[in-house]
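> These are the residues of each chain, in order.
Protein chains: 2
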Amino acid sequence: MKITELETPALLIDLDIMERNLNSMAAYTKAHGLRLRPHTKTHKTPALARRQMELGAVGITVAKVGEAEVMVSSSPNELLVAYPVIGGKKLHRLMDVAKHTNLTVSLDSVEAAQGLSDAAAGAGVTVGVLVEIDAGMGRVGVTPGPQVIALAKAIDRMPNLEFRGIAFYPGHIKLMDDAGHAALARVDDLLSSVISDLKTAGFAVPIVSGGSTPTMHHLHEVPHMNEARPGTYIFNDRNTIASGACKLEDCAASILLTVVSTAVPGQMIIDGGSKTFSSDGVGGGATGFGHLVEAPEAVFEKMNEEHGYVKLKGVSKGFKIGDRVRMIPNHVCVAVNLHERIYGVRGDEVEETWKVEARGKLQ
Amino acid sequence: MKITELETPALLIDLDIMERNLNSMAAYTKAHGLRLRPHTKTHKTPALARRQMELGAVGITVAKVGEAEVMVSSSPNELLVAYPVIGGKKLHRLMDVAKHTNLTVSLDSVEAAQGLSDAAAGAGVTVGVLVEIDAGMGRVGVTPGPQVIALAKAIDRMPNLEFRGIAFYPGHIKLMDDAGHAALARVDDLLSSVISDLKTAGFAVPIVSGGSTPTMHHLHEVPHMNEARPGTYIFNDRNTIASGACKLEDCAASILLTVVSTAVPGQMIIDGGSKTFSSDGVGGGATGFGHLVEAPEAVFEKMNEEHGYVKLKGVSKGFKIGDRVRMIPNHVCVAVNLHERIYGVRGDEVEETWKVEARGKLQ
Numbered sequence: 065m066k067i068t069e070l071e072t073p074a075l076l077i078d079l080d081i082m083e084r085n086l087n088s089m090a091a092y093t094k095a096h097g098l099r100l101r102p103h104t105k106t107h108k109t110p111a112l113a114r115r116q117m118e119l120g121a122v123g124i125t126v127a128k129v130g131e132a133e134v135m136v137s138s139s140p141n142e143l144l145v146a147y148p149v150i151g152g153k154k155l156h157r158l159m160d161v162a163k164h165t166n167l168t169v170s171l172d173s174v175e176a177a178q179g180l181s182d183a184a185a186g187a188g189v190t191v192g193v194l195v196e197i198d199a200g201m202g203r204v205g206v207t208p209g210p211q212v213i214a215l216a217k218a219i220d221r222m223p224n225l226e227f228r229g230i231a232f233y234p235g236h237i238k239l240m241d242d243a244g245h246a247a248l249a250r251v252d253d254l255l256s257s258v259i260s261d262l263k264t265a266g267f268a269v270p271i272v273s274g275g276s277t278p279t280m281h282h283l284h285e286v287p288h289m290n291e292a293r294p295g296t297y298i299f300n301d302r303n304t305i306a307s308g309a310c311k312l313e314d315c316a317a318s319i320l321l322t323v324v325s326t327a328v329p330g331q332m333i334i335d336g337g338s339k340t341f342s343s344d345g346v347g348g349g350a351t352g353f354g355h356l357v358e359a360p361e362a363v364f365e366k367m368n369e370e371h372g373y374v375k376l377k378g379v380s381k382g383f384k385i386g387d388r389v390r391m392i393p394n395h396v397c398v399a400v401n402l403h404e405r406i407y408g409v410r411g412d413e414v415e416e417t418w419k420v421e422a423r424g425k426l427q
Numbered sequence: 065m066k067i068t069e070l071e072t073p074a075l076l077i078d079l080d081i082m083e084r085n086l087n088s089m090a091a092y093t094k095a096h097g098l099r100l101r102p103h104t105k106t107h108k109t110p111a112l113a114r115r116q117m118e119l120g121a122v123g124i125t126v127a128k129v130g131e132a133e134v135m136v137s138s139s140p141n142e143l144l145v146a147y148p149v150i151g152g153k154k155l156h157r158l159m160d161v162a163k164h165t166n167l168t169v170s171l172d173s174v175e176a177a178q179g180l181s182d183a184a185a186g187a188g189v190t191v192g193v194l195v196e197i198d199a200g201m202g203r204v205g206v207t208p209g210p211q212v213i214a215l216a217k218a219i220d221r222m223p224n225l226e227f228r229g230i231a232f233y234p235g236h237i238k239l240m241d242d243a244g245h246a247a248l249a250r251v252d253d254l255l256s257s258v259i260s261d262l263k264t265a266g267f268a269v270p271i272v273s274g275g276s277t278p279t280m281h282h283l284h285e286v287p288h289m290n291e292a293r294p295g296t297y298i299f300n301d302r303n304t305i306a307s308g309a310c311k312l313e314d315c316a317a318s319i320l321l322t323v324v325s326t327a328v329p330g331q332m333i334i335d336g337g338s339k340t341f342s343s344d345g346v347g348g349g350a351t352g353f354g355h356l357v358e359a360p361e362a363v364f365e366k367m368n369e370e371h372g373y374v375k376l377k378g379v380s381k382g383f384k385i386g387d388r389v390r391m392i393p394n395h396v397c398v399a400v401n402l403h404e405r406i407y408g409v410r411g412d413e414v415e416e417t418w419k420v421e422a423r424g425k426l427q
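As they're listed, the protein sequences go chains A and B.
Heads up: the first sequence is residues 65 to 427, going by the numbering used here.
Heads up: the second sequence is residues 65 to 427, going by the numbering used here.
So that you can see chain A by itself, here it is in the shape it has in the complex:
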């Protein structure tokens, strides 16, 4: 099938770029002795998780139990749920997942650990646990110090749980200048101290898992971590560019759209808005809701649910109703979550059609 045969809006993935991104991250983590456990929240697609596994990932990462259920067949040896699972029904479902893979869950409370232990004991399975520590982002995670040891000890005492190490997410660190690199060095100091305390308390710490999109090519600056969980790298987006972690030519995802109205002078309306892109903005001094491939100087200024407003002031190229254009989104993970299918393209050809099977798995 040709791209011209697709209906719009359609989410396209340039397969050449995606494969380059996958190979590059596999090579980077291998070169630095990091286990690679990609977060599948970006693509939500088992076939793409399998591509990551074929390229040397040790396992995959998900956030929600519903994603684990979809993804487990792609990752039979290792599956990390990087989110505390709270609530009986969810834990019951998670135990079914645990019967088909080596499951690890990251969490930051005795309550979450207790629920997991009860469920694991009930199902007769053993579940690994990473203690989530707060490396400065202030979202989730135990503050480094005695609380980490206390939680590790509590986990150690609970039936059917196995303490496997620590997890962190340095989502607050941007690497645009020296301050960012210094912050990354402080994270390493923090990890060093936590690992040392845990070892003193008698724990082995086989897994030290972390990473974020802006830091994804600088994880070797955190030598105490041994496992990376990048997500966005497979496709990249305008926010990845804004964080300095990739360039425009590394963005594999674009949305194919049709011009549906040019009635208002100096503007065209495209057939995708917040229901197609999400309303997520962009950082790093960039503006607008996307990068128009056919005319980068155009400004994707505003959205309603089904309407994208593209301002054409100073744009030399003309657009008419029925023209098709491509827009690189600000935040590809939330855009993927809005699409039923992903089209893998090479040149003008649609080579692959994937259903986004873990789309909208909120629970």
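Everything labelled a hint here was simulated from the structure, so no lab data went into it.
Every value quoted in this text rests on a predicted model; they were computed, and no experiment measured them.
Using N, Cα and C, we set each Cβ at its ideal position, and we do this for glycine too.
Wrong hints could be hidden among the right ones.
Claimed, not checked - Think about it this way: if two alpha-carbon atoms lie no more than 30 Å apart in a straight line, the pair counts; the simulated DSBU-like pairs of lysine-lysine are:
id	chain 1	residue 1	chain 2	residue 2
1	B	425	A	384
2	A	425	B	66
3	A	384	B	217
4	A	238	B	425
5	B	311	A	419
As the list claims (entries may be wrong) - A few chain A residues facing chain B, derived, Cβ under 10 Å:
id	residue
6	72
7	147
8	157
9	401
10	402
To be verified - Covered by chain B, according to a simulated footprint, are these stretches of chain A (three or more residues, beta-carbon under 8 Å):
id	region
11	197 to 203
12	285 to 292
13	318 to 327
14	368 to 379
Since the structure of chain A is provided, determine the placement of chain B on it from the hints.
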């Protein structure tokens, strides 16, 4: 089933409030002689479209062909696609819809009309057309004046199309003060002039269709319109409150969430973020991403995809891991689009479970 048995995040609809909203709009439009043609973008659920039809709606409104396909069985007598349909495959699908209802499409260009005519002629059906006029919002719509007459004449000449009137969307008008009401009066003047010009040119104008959420209880201030297309009124949300068009007690939709982390002092993390709510903000001086029913003074300050950050400074009520809370969203239409199911609740009981069948229908 009890609400306590639901997994979270879950989208709850208070049926008492929803029914009051439906009845109130039915009564308002009836009292003012307005045909009611609700936009189903808010609920995306055929069973709720049928409720609207039972309460006297003449038909329903959708934006995309994929929504029309899902909704057509709920509205066999009248269906309005309030969006220009551009592209051969979509038009072909739309003609299948036209075989099962009396279809009308609003559009603002000769190109869109020509495509529709060609498709209708090919399928042997007649399709009604409303000319979309720009009432000041600057999104889509022909600028009032000779262009409206020119487009009506072009439509009139095209086979298998039937000119049925005009449509407009005054989404730019807020009714917080006299200026808003004056703007609404200007819209009526505009309609009067367009209708008069059309009649002079020999056209009957049976349908004058418009309305927006902020103006929904003031459409009688636009006496030249005869059809209202409200959407959000069935559920309402924080933006409806911000626009002055409803009060907190009119909001039927809330999202049920679980507290999953309290590791960071003064904050709790709930298990829904931008993948559950969308990133849409709120207007009218309000802040945050939702209204926490259990503690309205709490601030839902920040979101990642799966994490909601709720600041608890100055909040007297304590929350612990595993607690369940309800949050009224900023923009319910985009939130509904993120959920697989809607739960209709009354008191503590889940009375209805609806699949959001037109969710994610982008095409």
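> Determine for every hint whether it applies to the structure shown.
We went through each hint and held it up to the structure:
1. B:425 <-> A:384: The hint holds at about 24 Å.
2. A:425 <-> B:66: holds (22 Å)
3. A:384 <-> B:217: It holds: about 21 Å lies between the C-alpha atoms, which stays within 30 Å.
4. A:238 <-> B:425: At roughly 36 Å apart (the allowed maximum being 30 Å), residue 425 (chain B) and residue 238 (chain A) break the hint.
5. B:311 <-> A:419: With Cα atoms ~41 Å apart, residue 311 (chain B) and residue 419 (chain A) exceed 30 Å; violated.
6. 72: holds (7 Å)
7. 147: This interface hint holds because 6 Å falls under the 10 Å limit.
8. 157: Constraint on residue 157 (chain A) satisfied, holds at 9 Å.
9. 401: holds (6 Å)
10. 402: Interface hint status for residue 402 (chain A): holds (6 Å vs cutoff 10 Å).
11. 197 to 203: It holds, with 3 qualifying residues against the three required.
12. 285 to 292: The restraint on the region 285 to 292 of chain A is violated, since only 0 of its residues have a Cβ under 8 Å from chain B and three are required.
13. 318 to 327: holds (count 6)
14. 368 to 379: holds (count 5)
In summary, the numbered hints that this structure violates are 4, 5 and 12.
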